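Trainee: Here's the letter readout for the chains.
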Amino acid sequence: MLDFFTIFSKGGIVLWCFQGAGVKESFTGPVNALIRSVILQERSGSNSFTHERQSLKYKLDNEFELIFVVGFQNILTLTYVDKFIDDVQLRFRDRYKNELVQKGALMLLNNSFEFEDDFQRILREAEESSRTRSTTYMRAFQESEKSKKTVKSMIETKGGDKGKEQGGKKSKSSKKELEKPSPPGQKTLQNGNQGLTQEEIIQKKREEFIRKHTAGPTEKPSLPHIQRGRRGGGGSGQRNKQTKVFPVFDCLCMPGFSFYANKHLVCLPPPPPPPPKKGGGGGGCGWVKGWVGSKSLSQEDMEPVLEKMKEHLIAKNVAAEIASQLCDSVAKKLEGKVMGTFTTVASTVKQALQDSLVQILQPKRRVDILRDVMEAQSQRRPFVITFCGVNGVGKSTNLAKISYWLIENGFTVLIAACDTFRAGAVEQLRTHQRRLNALHPPEKHGGQPVVQLYEKGYGKDAAGIAMEAIAYARNQAFDVVLVDTAGRMQDNAPLMTALAKLIAVNMPDLVLFVGEALVGNEAVDQLVKFNQALADHSMSEKPRLIDGIVLTKFDTIDDKVGAAISMTYITGQPIVFVGTGQTYNDLRSLNARAVVGALMKA
Amino acid sequence: MAADTKKDPGLMDERSVENTVKQFIEYVRKQVEEQDPVFLISVVVALAAIIITCVFLKYFLTSKTVRSAVLLVGLCDSGKTLLFSRLVSGKFKRTQTSITDSSAPYKAKSDKGTTWTLIDLPGHDSLRAQYLEKFKSAARAIVFVVDSAIFQKEVRDVAEFLYVLLTDSVICRNTPTLLVACNKQDITMAKSAKLIQQQLEKEFVFLGKKGKDFEFSQLPMRVEFLECSALSNKAEEGEADIKSLEKSLAKL
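In order, the protein sequence lines correspond to chains A and B.
Positions 1 to 602 (UniProt numbering) are the ones given, in order, by the first sequence.
Positions 1 to 252 (UniProt numbering) are the ones given, in order, by the second sequence.
The following block holds chain B by itself, in its conformation from the complex (with noise of 0.2 Å):
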């Protein structure tokens, strides 16, 4: 058989291809009769450990990868690394403008308890599009903290940052919950919730080019509008008024 082989090397016919399968068949248990059991069976263990591996890889990574970070965004000086102190720890704490991001776990008030992992982005508008592309893929949901007092005069361009990040590819596909937090409640000019909705709303009609009437409740994800204020009236002591954030963030 190995002669034939040999002799027409060109030649492989269907009737060699098969006598040399079964040849090496044949040593192949040849091999295995005189080995011993023991190192067969390690020899399949590994084998089988290795195919389960790229399995069970190939499986994680082709799915979606698991989210479970709550990004705060908004503009700058809107109160996100407070209302990050407020969530985290429940204290106050002194704030500079973030030049890095943040992170600790945050476990919602829920009865799963589920812990996310809470990121306070910068704000500033150098800073603010570099983190954002770092952390939107983890995004479960997206807090939008936006300053009340001052809104009417910024409105442009929390619009803009709210239409940039609504219209960003990896967000439209994973669509994470947007909550805006309508933050600085305490102080007396504060804008309300829903008069921050309405003033978006007509933005996006500008921003979206398209003419007609633009709601929140159209996008895919879903959007949520609710007050808080990260300083209580009384500055540093006394309780912030983060319960409807709190809320929202354990309904997730």
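Chain A extracted, bound-state conformation (with noise of 0.2 Å):
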């Protein structure tokens, strides 16, 4: 069932691995994506992976620094998974504790690793459990608890005050909502539903069937008022149509329900072994293992730690749910290692947050925009880059900053002026040109003017515009094509279909993605939708998405750094440009440890 297992170090060398029968396909590939796509952009709070057809699931030993995966195919839904790999985790680790505790590279590469038949008993051991686990037999009515009580304990007293509760009726797996009715006034009750005939039982259990799934999700399983059947004094003078929840065990001596007892049966897994508690001895010299090394951290060590982190990040301006994701993917990473010697666990877990959030800053491919426009000069073609985001985020002052910048480098810029909606946006771009053309005249390029403007008034058709002014860019020789788009709410879905056409129509060589770093938790939802809009419009089996981000008025916030994280976090893209002010000069490249620094300063 499994497609493969594997083990391996964090420095890449594979210790052991099994590939099921009949799979042709290596498993390097998937797992150096999820390496790529979860460990290092710093997702693992979700221990799973899809790629392709297949979903991996892994793990984290820190101590030893291994990493476990397993692949299976995406449609098969396998319960023992997650135990499974807990399981073959312990026992490769008392296995080979001898070996692994002596960590470095000689060891791995000498050493062979021969787990095959342990797996494979592992493996029968989970598939069996698994299989035994779906077919449990329901209790009968004998062993029930409701069997033990008495039928005066189980009378409801008249004038509308709740049932007894019968706490200890936990039935195995059915958590109903129940209600409490209001009696009009019932006295004596019977236990079961003997006094009704077969039509009224069927008509009441289906009144009760569709109540119950139309109403919206049960919540409080811990205490289930079950109520007693009503049963009219006089027979069917009361038809008291609210509530007559039936615990399962009168619905199994009913004729003909037995589709109820299986549809409230859920088996649910047996909760897994608490993890081995290591390190921490008890009685007086357990403060001082704190403080000598060989105390390994654990999820409850490091809570209170990661509770303030998350609160400084969020008060750092980082969206809310990316500082409980890093923070989550923080505390994978570091459950289990072990510590040195007098390192406190508040230090671990700061320098180890400080590693990831360098880490994200981190670009993930090479950002060298004017190598790129060489590239494309001797390819005789001109570069497009395009700028878009919501309203007033600074996007045709940045374009004008970017303009003088590559004016600065030498090459020849053309503005596409795209906003065709904005009152005054091509007199803003017509002045920008005169001004850049002032700062660098054109006799000084051999009388060509370096910025030349591309408009065609208001009103018009963005993606039209954009396609002609390439054109005529190619016709022309210019090296650089800047498209200034109109801002848009990322709700706004006919616009949102307007930007993605005039990209995938035009296939810009950058898109860039104008935020402003006082953006606070709006920047999720802003990135997610705009790179959601622009996939799903798309015509193409690629398509173009966010390629960098351009973060705006870095100015303004002194250390509230956290928009820089959440953007790049979200999109996985790098920050290409900051822009720290309002004039032409105020341009600048992401300097990761500096913002780092001012995000953890306290």
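If you are wondering where the hints come from, they were derived from the structure by calculation, not from laboratory data.
Just so you know, these numbers come straight off a predicted model, no measurement behind them.
Among the hints, a few may not be true.
Unchecked claim - Straight-line C-alpha distance at most 25 Å; calculated DSS-like pairs for lysine-lysine: (1) K444(A) - K212(B); (2) K153(B) - K97(A); (3) K153(B) - K337(A); (4) K316(A) - K560(A); (5) K103(A) - K153(B); (6) K93(B) - K59(A); (7) K350(A) - K134(B); (8) K364(A) - K134(B); (9) K202(B) - K153(B); (10) K337(A) - K316(A); (11) K91(B) - K24(A); (12) K212(B) - K97(A); (13) K103(A) - K134(B); (14) K153(B) - K364(A); (15) K212(B) - K103(A); (16) K542(A) - K153(B); (17) K316(A) - K57(A); (18) K107(B) - K57(A); (19) K247(B) - K91(B); (20) K103(A) - K91(B); (21) K24(A) - K93(B); (22) K202(B) - K333(A).
Stated by the list, open to error - Among the chain B residues that face chain A by a calculated CB cut under 8 Å, a handful are: (23) E14; (24) A129; (25) S192.
Glycine included, every Cβ here is placed at the ideal spot set by N, Cα and C.
Two independent chains are provided; combine them into the complex using the hints.
Mentor: Printed below as a string of structure tokens:
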């Protein structure tokens, strides 16, 4: 059933692997994709990952620096996988403890880990246990607790008070929401439904079934108030429509309703065995052990520190869900790790968080626009950059700054005014063009103006203007085309469709999302929806998504630089430019260490 | 004498200073003579030990730190970890993307047989900077591994990494030997070392922005281009073709 299982070190050497019968493709690709998307992007909070048609689950062993990965087909839902990985991890650790403790690449290279038999055995056990669990039998009436109670204790008094709590009656699975009926005045009750006719019983059950399935999700399974069925004193008189929820056992007794029983039975897997606790011995030496090495970090140790760090990050304007995902990921990375001497939990966690923040801000690919422009120049085509973002973030201003930078580096720029909606947008760009040409007069650059504006007024289709601008640039041998689009809210579906069409049709070399550093939790929503729109409305298989981020208004925030983290975390794309003011010189590139320093500062 | 200095504490003229010093010396001499010689000798030895330690520490800390590491760097998927495994143990091991460094001692195949520490650094973009930062000062030589088969597509990324490496201040100061290992020569489409060298020199012209031609021989450190193949033609069995790499490492 499993496609593959592999155990490898964090340094990259595979200790042992298993490939399922009939599986031809190597698993190196999917596992590398897992490492790059999840572990390196600090998303290890959830331990499963989907790659094409395979589903991968993984577990990090931070003490010996190992990673355990299992892969299986997406369409299968194997319930035993989580527990199975845990079992395999424990068994592997136990068996190779002596070798693993030595720690070092030489140990990994020289030893061969013959784990096949153990693995097969654990796999068989896991598969068998999952099979046996699915056929549990229901208790007979005699075994239930209801049979042990007296009838009198279950009688309700009149007057609309709540039914007697029968707290112990937790059925194995059924967590029903039970309402409290207000009986118009019932006295004696009987156990069971013997008083009613068959049709009445069927009717009642049907109502209950419908009500149960149209009602919302239930909560608070700990208090099943089980109501007794109402027996009409005179037979059919009392037809209390409300809330006759019969416990499982009654249904069992009813003829022809066995399907109820099957429906309510949900097999819960047994809780996983608690992880073995290590370190921190009893008695007076416990606190000394906390100082002197050989203490491994557990979830409880890290919990308070991580909570504090999460609030600190949120106070620094990191989006709330990003902060919590980051903290989960750091917890997963540190769980079970052995601390060195004289290091406190707080310092280890802080260091790990700092490292992961720096890692997130490092670009995942080379960011060198000038080199790419030169490449496009050699191919005799213009390099097209598109700016998109919500209203008022500074697209036009930063477009002007970037064109100044490009001119300073000796390129010619064509600005395409595809913002055909906002009043004064075209004039604004024309003013910028005039200023830039004044700063770099055409006489110095071979008689050609370095910046030109391509505009077609207001109200026209932006995608069409962009296409014409690019064609014009190709004819006139411009080096770069900067396309300015109108600001739009991420919820505005028609405008998002229009933007997606512009990008899909024109295939720009770089799609830059302009976001302001003042944004808080909104950043997550904006980026997700923009990326979604670009992916949905593109015709091709590989849609053009956001390639980079321009972070603007960076001078307005002091050290609340969390927006940088939120944006890079969500998209995985680098921050290409940082705008730090409103003049042409206020354009910088991101200094990851400085930003992380400002973030971690108390 | 003591009375003199007490009467005029503010006036420390030369004579009173001299007198105080003489007094002190007299006092010490008396004490020394009174004491047990063994005790004296132990005191002298202790003082001498402290002085010698201080001198040694000063000498060792301010001089260049001992550099005995050979770093394996390169882009992601260029074959560093497999090369590491081959050099250290000669074995073939399946590998995945590394997320931390691995280090092991490596005995050079030369007459002297010096032992270096071979360190395999992760190549992924987000990790490469911080690991390089950590290990660059200890580098005696840097082996830059290049994937020769897909070099043409990655030429700009390779050039940028190499440029960053060569312009790093610590590396410029220490000038470790640079060995560019053109890996994956077992693939038929692999480019030769000479071609890779020429392509990189052309790229450096753009990166340096000086406009002049660039050649690796202009660099202060010794740069060598060589070919190797960590994965032999027969995949898992068979020897890897790393002889030229081993020879170069022996020359260090």
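Trainee: State for each hint whether it applies.
Mentor: Each hint, compared with the structure:
1. The straight-line distance between the Cα atoms of K444(A) and K212(B) is roughly 23 Å, inside the 25 Å bound, and the hint therefore holds.
2. Annotation: proposed proximity of K153(B) to K97(A) is violated, straight-line Cα distance about 44 Å (limit 25 Å).
3. The hinted pair formed by K153(B) and K337(A) fails the criterion: a straight-line CA distance of about 40 Å is larger than 25 Å.
4. In summary, the hint linking K316(A) to K560(A) is supported, as the alpha carbons are separated by about 4 Å, within the 25 Å threshold.
5. Restraint check for K103(A) and K153(B): the C-alpha separation of about 37 Å exceeds 25 Å, so the hint is violated.
6. A C-alpha spacing of about 21 Å is found between K93(B) and K59(A), which places the hinted pair at or below 25 Å, so the restraint holds.
7. Between K350(A) and K134(B) the alpha-carbon distance is near 19 Å, which keeps this suggested pair within the 25 Å criterion.
8. The suggested pairing of K364(A) with K134(B) holds, with an alpha-carbon distance near 20 Å, which does not exceed 25 Å.
9. Only pairs whose Cα atoms come within 25 Å are accepted, and K202(B) paired with K153(B) is accepted, the gap being roughly 15 Å.
10. Between the alpha carbons of K337(A) and K316(A) the distance comes to roughly 28 Å, so the proposed pair goes past 25 Å and is violated.
11. With a CA separation close to 24 Å, the supplied pair K91(B) and K24(A) stays within the 25 Å bound.
12. With a C-alpha separation of about 58 Å, the suggested pair K212(B) and K97(A) falls outside the 25 Å cut-off, and the hint is violated.
13. Using a Cα cut-off of 25 Å, the hinted pair K103(A) and K134(B) holds, with the two alpha carbons roughly 20 Å apart.
14. With a CA separation close to 17 Å, the supplied pair K153(B) and K364(A) stays within the 25 Å bound.
15. Of the supplied pair hints, the one linking K212(B) and K103(A) is violated, its CA atoms being roughly 49 Å apart against a limit of 25 Å.
16. The suggested pairing of K542(A) with K153(B) holds, with an alpha-carbon distance near 19 Å, which does not exceed 25 Å.
17. For the suggested pair K316(A) and K57(A), the alpha carbons sit about 33 Å apart, so the restraint of at most 25 Å is broken.
18. Between K107(B) and K57(A), the direct Cα distance comes to roughly 39 Å. Violation of the 25 Å bound is thereby established for this hinted pair.
19. At roughly 19 Å between alpha-carbon atoms, K247(B) and K91(B) fall within 25 Å of each other, so this suggested pair holds.
20. For the given pair, K103(A) sits about 19 Å from K91(B) by alpha-carbon distance, which is consistent with the 25 Å threshold.
21. Pair hint K24(A) plus K93(B) holds up; C-alpha atoms about 19 Å apart against a cutoff of 25 Å.
22. For the hint pairing K202(B) with K333(A), the CA-to-CA distance comes to about 42 Å; that exceeds 25 Å, so the pair is violated.
23. A least Cβ separation of about 53 Å between E14(B) and chain A goes past the 8 Å threshold, and the interface hint is therefore violated.
24. With its C-beta approaching chain A no nearer than about 6 Å, A129(B) sits inside the 8 Å limit, and its interface hint holds.
25. Residue-level restraint check for S192(B) is violated (minimum Cβ-Cβ distance to chain A is 24 Å; threshold 8 Å).
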